[in-house]
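Below, each chain spelled out in residue letters.
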Amino acid sequence: MRHIISLLMENESGALSRVAGLFSARGYNIESLTVAPTEDATLSRMTIVTSGSEDVIEQIIKQLNKLVDVVKVLDLNDGKFIERELMLVKVKATGAFREEMKRMCDIFRGRIIDVADGTFTIELTGSGHKLDAFIDSLDKAAILETVRTGASGIGRGDRILKV
Amino acid sequence: MAETSHPHQGSNQITGAEIVIRCLEQEKVKFVFGYPGGAVLHIYDAIYKQDHFKHILVRHEQAAVHAADAYSRATGEVGVALVTSGPGATNAITGIATAYMDSIPMVVISGQVPVAAIGLDAFQEVDMVGVTRPCVKHNFLVKDVKDIASTMKKAFHIARTGRPGPVVVDIPKDITANLAEFAYPSTVEMRSYTPVTKGHSGQIKKAVKLLLEAERPMVYTGGGVVLGNAAELLIGLVQALGLPVTNTLMGLGGYPSTDKQFLGMLGMHGTYEANMAMHECDVLLAVGARFDDRVIGNPDHFYSKARTIIHVDIDPSSISKRVKVHVPIVGDVKSVLAEMNDLVLQEKPQQSPALKAWWKQIDAWRGKKCLNYLNNNGLIKPQYVIEKLWEVTKGDAYVTSDVGQHQMWAAQYYKFDKPRRWINSGGLGTMGVGLPYAMGCQFANPDAQVACITGEGSIQMNIQELSTCKQYHLPIKVILLNNRYLGMVRQWQEFFYENRYSESYMESLPDFVKLAESYGHVGMKIEKPEDVEGALTDAFAMKDRFVFMNFITDQKENVYPMIPNGKGLSEMILAEDL
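If you read the protein sequences in the order shown, they are chains U and H. At position 16 of the first sequence (counting the first as 1) the number is 16 in my numbering, and the numbers step up by one without a gap. At position 454 of the second sequence (counting the first as 1) the number is 454 in my numbering, and the numbers step up by one without a gap.
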């Protein structure tokens, strides 16, 4: 099953490689991994999308907790949570395509953030499924380039991951 | 970091190298095992000027780390090794990985190229933090002289607390020359590192109740009991409840081997009675052990019998990793066993008829006498040498081993009654540890008898340390069980590869007697069974000499019992089956 794991870790050099190394050394899957400092500059927050049996997920959580730099780990799937991912898509925008792209972008509540002679760059946020759906709905020949951040997640309501 | 113990006023600046020395002094380190080189020259200069600890010059960095590791295993203190950058650092890796797999507390200090040169492929540069990351508990690269003291404090703290393990501190050369005031923190506070100590009381109560009500209880303990200094408490619990007990390879000595409740070691080369009792029990108490592949064999076979498993371990990730556990107790084994003992004492348990019947069954299994061997072909049997070694040393030696058949025979036939006497590489299975392990033990216990049981394959992997042993007058006794084969490889080839002995025969062996003598030691060659006991007696009578004993043993001897790879605990091959 797909799980989203959030963790807080010391914002120190090498911390990211400890997490990435753990996943590769123990053969765990990583679908995506995002990391950035938090409002407290000494901490980084990481979101890892992984998959595995319940036993494997349990081991992943335990192994992450065992890393000396990791402060807190939360399996978002243990409760209600929100997941968002950012995608930038550069598409062909010539002739009839130009209007079509504008309309698709509006339907998916995206934004055109760069306009050039033959291209638009569209910014789209949502769950991974929504981003997939947008890509699927476009004419493949129109897609010039895509870049996705990987999912970020946060618990709903009073589910808070904080030191 | 909290308040400091030695706040220096004004400009009492010293070099980073001197700070390293002061840190080791604060940690009451008695021995540093190491080898100098360019990146650690400042540190070696500071070592020259101090007399707080003794530096032991080995002949290869791997041996430095193994010796520091054994020093820790024998004493319980944090072992310390010091190596230079690049090749010095990479030579240390096998030693670090060996300690990591057996959870040995150690601090390894490595030199690094100057900060400005890092990443430029400088001479003798290797990314030590990157290279060691998968085989350390934690590691640090110190980039500011002001951080040395706090980093060293953290390194020792992390190494010895929780599930222990090796910690690497990588220090660039310029950092050891820069100046700073020395202030050693008295305490460590790390929000990201707060190991559990006390077990959950409710779970502990549940565990004791299960053990009291069990019809076929069994206790299985590992290295955690030895490392956690919990042997006394284990004995108390096991004897109060009248339970059968087995130890893993790493756990030997955690319970006295000569006691009647001890069933011998379990696992791939464990005894028939220990493996059968593990398989047939209804309640299993596992303490400081991890159900690894060499212990329970195939987990599916293990699941074929229902049993309730209680697992005590300080590392939550050890619990339910290979085998599902019913009553997990995360905590320091010493604290948990103490609590269990208190609860058991209140109960004043009586031996139930079911437990009596269980012991009767166990005694029937014991009747197989699975460790019996034929000793009638005029050749020296390796098992016989170990039995005689046990007699001659009165069961009181520090015994190190290398890896292979001799290691298993040592574990099976030398009956360890005390913890920290059996020093071997269980997890990583590192050939070549035996001699440096013996060095670490002898430095820790200068007056003790130290025996290194080895094979002609393993001993040659760190043979250069014969020179170190001479320099420091270490009266180690090497017990070489020389069968001219990589014995365990040969055994597997005999069993599973139709006797195709691919590259497992050792040709061109040195004359070990002359080799020992060339290093200034005593060499002995023993070829007849009737000479074994006398030779051992003579060797151990030479209390101030290193003696290298080359026992020419039966080439065809195999280790029994054996659970073939992928098979289950009750699927042993016994010597009598063949």
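Please keep in mind that the hints were generated in silico from the structure rather than gathered at the bench. One thing to keep in mind: the hints can contain errors.
Restricting the straight-line Cα-Cα distance to at most 30 Å, the calculated cross-link-like pairs of lysine-lysine (DSSO-like) are [as the list claims (entries may be wrong)]: (1) H/Lys209 with H/Lys28; (2) H/Lys153 with U/Lys66; (3) H/Lys321 with U/Lys62; (4) U/Lys162 with H/Lys143; (5) U/Lys62 with H/Lys28; (6) H/Lys567 with U/Lys72; (7) U/Lys80 with H/Lys28; (8) U/Lys72 with H/Lys198; (9) H/Lys321 with U/Lys162; (10) H/Lys153 with U/Lys62; (11) H/Lys153 with U/Lys102; (12) U/Lys72 with H/Lys146; (13) H/Lys209 with U/Lys62; (14) H/Lys198 with U/Lys162; (15) U/Lys62 with H/Lys146; (16) H/Lys206 with U/Lys162; (17) U/Lys62 with H/Lys305; (18) H/Lys334 with H/Lys205; (19) H/Lys206 with H/Lys143; (20) H/Lys206 with H/Lys28; (21) H/Lys260 with U/Lys66; (22) H/Lys334 with U/Lys72; (23) H/Lys209 with U/Lys72; (24) U/Lys72 with H/Lys305; (25) H/Lys153 with U/Lys162; (26) H/Lys334 with U/Lys80; (27) H/Lys321 with U/Lys66; (28) U/Lys162 with H/Lys28; (29) H/Lys28 with U/Lys72; (30) U/Lys62 with H/Lys260; (31) H/Lys525 with U/Lys130; (32) H/Lys334 with U/Lys66; (33) U/Lys62 with H/Lys205; (34) U/Lys80 with H/Lys146; (35) H/Lys28 with H/Lys260.
Status of the hints after comparison with the structure:
Taking the CA atoms of H/Lys209 and H/Lys28, the gap is near 43 Å; set against the 30 Å cutoff, the hint is violated. For the suggested pair H/Lys153 and U/Lys66, the alpha carbons sit about 19 Å apart, so the restraint of at most 30 Å is met. In summary, the hint linking H/Lys321 to U/Lys62 is supported, as the alpha carbons are separated by about 10 Å, within the 30 Å threshold. Between U/Lys162 and H/Lys143 the CA atoms are separated by roughly 29 Å; this keeps the pair inside 30 Å, and the hint holds.
Distance check on the hinted pair: U/Lys62 and H/Lys28 sit about 33 Å apart at the alpha-carbon level, beyond 30 Å; violated. Taking the CA atoms of H/Lys567 and U/Lys72, the gap is about 39 Å. The hint is violated against a cut of 30 Å. As the CA atoms of U/Lys80 and H/Lys28 are separated by approximately 51 Å, the hinted pair breaks the 30 Å bound. Taking the CA atoms of U/Lys72 and H/Lys198, the gap is about 20 Å. The hint holds against a cut of 30 Å.
For the suggested pair H/Lys321 and U/Lys162, the alpha carbons sit about 28 Å apart, so the restraint of at most 30 Å is met. Distance check on the hinted pair: H/Lys153 and U/Lys62 sit about 25 Å apart at the alpha-carbon level, within 30 Å; holds. Distance check on the hinted pair: H/Lys153 and U/Lys102 sit about 60 Å apart at the alpha-carbon level, beyond 30 Å; violated. The hinted pair formed by U/Lys72 and H/Lys146 meets the criterion: a straight-line CA distance of about 28 Å does not exceed 30 Å.
With a CA separation close to 28 Å, the supplied pair H/Lys209 and U/Lys62 stays within the 30 Å bound. The suggested pairing of H/Lys198 with U/Lys162 holds, with an alpha-carbon distance near 25 Å, which does not exceed 30 Å. With a CA separation close to 33 Å, the supplied pair U/Lys62 and H/Lys146 exceeds the 30 Å bound. Our distance criterion of 30 Å between C-alpha atoms is broken by H/Lys206 and U/Lys162, whose separation comes to about 33 Å.
A distance of roughly 28 Å separates the Cα atoms of U/Lys62 and H/Lys305; the hinted pair therefore holds under the 30 Å criterion. Of the supplied pair hints, the one linking H/Lys334 and H/Lys205 holds, its CA atoms being roughly 16 Å apart against a limit of 30 Å. A threshold of 30 Å between alpha carbons decides the hint, and for H/Lys206 with H/Lys143 the separation of about 50 Å lies outside it, so the pair is violated. For the hint pairing H/Lys206 with H/Lys28, the CA-to-CA distance comes to about 41 Å; that exceeds 30 Å, so the pair is violated.
Proximity of H/Lys260 to U/Lys66 is assessed by CA-CA distance (about 39 Å); at most 30 Å being required, the pair is judged violated. Distance hint between H/Lys334 and U/Lys72 is fulfilled; the C-alpha atoms sit about 27 Å from each other, no more than 30 Å. Restraint check: the Cα-Cα separation between H/Lys209 and U/Lys72 comes to about 34 Å, which exceeds 30 Å; the hinted pair is violated. Distance hint between U/Lys72 and H/Lys305 is unfulfilled; the C-alpha atoms sit about 38 Å from each other, more than 30 Å.
Between the alpha carbons of H/Lys153 and U/Lys162 the distance comes to roughly 27 Å, so the proposed pair stays at or under 30 Å and holds. For the hint linking H/Lys334 to U/Lys80, the alpha-carbon distance of about 39 Å lies beyond 30 Å, and the restraint is violated. With a C-alpha separation of about 14 Å, the suggested pair H/Lys321 and U/Lys66 falls inside the 30 Å cut-off, and the hint holds. Between U/Lys162 and H/Lys28 the CA atoms are separated by roughly 38 Å; this puts the pair beyond 30 Å, and the hint is violated.
Among the hinted pairs, H/Lys28 with U/Lys72 is inconsistent with the structure: their alpha-carbon atoms are about 33 Å apart, more than 30 Å. Restraint check for U/Lys62 and H/Lys260: not satisfied, since their Cα atoms lie roughly 38 Å apart, outside the 30 Å limit. For the hint pairing H/Lys525 with U/Lys130, the CA-to-CA distance comes to about 77 Å; that exceeds 30 Å, so the pair is violated. The straight-line distance between the Cα atoms of H/Lys334 and U/Lys66 is roughly 21 Å, inside the 30 Å bound, and the hint therefore holds.
For the suggested pair U/Lys62 and H/Lys205, the alpha carbons sit about 24 Å apart, so the restraint of at most 30 Å is met. With a C-alpha separation of about 45 Å, the suggested pair U/Lys80 and H/Lys146 falls outside the 30 Å cut-off, and the hint is violated. At roughly 40 Å between alpha-carbon atoms, H/Lys28 and H/Lys260 are farther apart than 30 Å, so this suggested pair is violated.
Checked against the numbered hints above, the structure violates hints 1, 5, 6, 7, 11, 15, 16, 19, 20, 21, 23, 24, 26, 28, 29, 30, 31, 34, 35; every other hint is satisfied.
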